[in-house]
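So the sequence lines, in the order shown, correspond to chains A and B. Heads up: the first sequence begins at 1 in the working numbering, then just goes up one per residue. Heads up: the second sequence begins at 1001 in the working numbering, then just goes up one per residue.
Just so you know, the hints here were simulated from the structure itself, not pulled from any lab data. Each hint should be verified, as a subset may be incorrect.
As the list claims (entries may be wrong) - Here are the simulated lysine-lysine pairs, BS3-like style, with alpha carbons at most 27 Å apart:
(1) A:K93 <-> B:K1082
(2) B:K1077 <-> A:K93
(3) A:K93 <-> A:K71
(4) A:K71 <-> A:K48
Okay, here's what each chain looks like letter by letter:
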Amino acid sequence: MACMNEDGQWIVLMGLLVAVGMFFLALIINQSVLVGQTTAEGVLEFPKNDIRDLRSAIFDYVDTELPDGVKEDIIAISLERKNAVVNFTVNQKMDVSGRWLHPVTIHYNNGVTVYNETVYY
Amino acid sequence: MVNDAGQLYTMEGVAAGIIMLLTAYIVVSTTSVYTTGDTHIPDMQLEQLGSDVLAMMDTPDTAGGESSLLGLVNGNKGPEFKDAFLNYCNATTSGAIDNLHMSANVTYRDASSNVINEHSFVTPDETWTGRESAVRVTRWVQLDSQPWPPGPVRPYGTRAQAVLVEVLLWRA
């Protein structure tokens, strides 16, 4: 091996480090493609607005003094149009720290998300 | 004169240049979402927009008052509902208005036969082909019993009931 010398080994070593660094940056870019999709899927699948709307419908039902048939409406239409098994009960008013409130239990299950709540309203 | 000394310095300079370009590219591109051609993202935004519009229409102007959504459903005013809904949906902060279209059903339960029926509230316009990436947003509406003798009878029956307003929303 004539004329071969061993100068500049630090430079070669740094070049290797730079190559490894670029490899990791490429991995990060690769992962970032998944972020938008999984986030959007998570938001679409989680029935946040459905549960909020169901709660407000039940509170309206309590506000209007529990008219006949409305509970059956909510349960039947939830199952038929929203694919959600819903049940709720409204019990007699009780004393909660000096205020008279209805204990309301709400159960919601659409096969992906299960939501249970006992709320005093 | 030209000679071939310092070639590794040249290579180092090239590597440094590439690293700087790559860094600038990464910094600039972090401001955008990489996922290309994925319908989940506009679907998510459209669904949230529709839910927000329905929630806004279901909010009374004053405490204890009647919300505009309740009044429109109770009076079976489909065209007015469509105008109000699209007016809110298509509003933009500047420039031309958006190009969203909608149709709506009201689902109600017939208590005597215990059957769930759909009432066509807003029929789809001419842009509807059935192949749109439409999203569905819903809102519960509670109707009081209709006093007797009724004026124009609403299509859902006269008893106090909960009905589900379902809106299909798409961009054309």
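Agreement of A:K93 and B:K1082 with the hint, judged by alpha carbon distance not exceeding 27 Å: violated (41 Å)
Pairwise hint evaluation, A:K93 against B:K1077, where the allowed Cα distance is 27 Å at most: violated (38 Å)
Pairwise hint evaluation, A:K71 against A:K93, where the allowed Cα distance is 27 Å at most: Roughly 18 Å separates the two Cα atoms, so the pair holds.
Pair hint A:K71 and A:K48, alpha-carbon separation not exceeding 27 Å: holds (21 Å)
The structure fails hints 1 and 2 (numbered hints given earlier, in ascending order).
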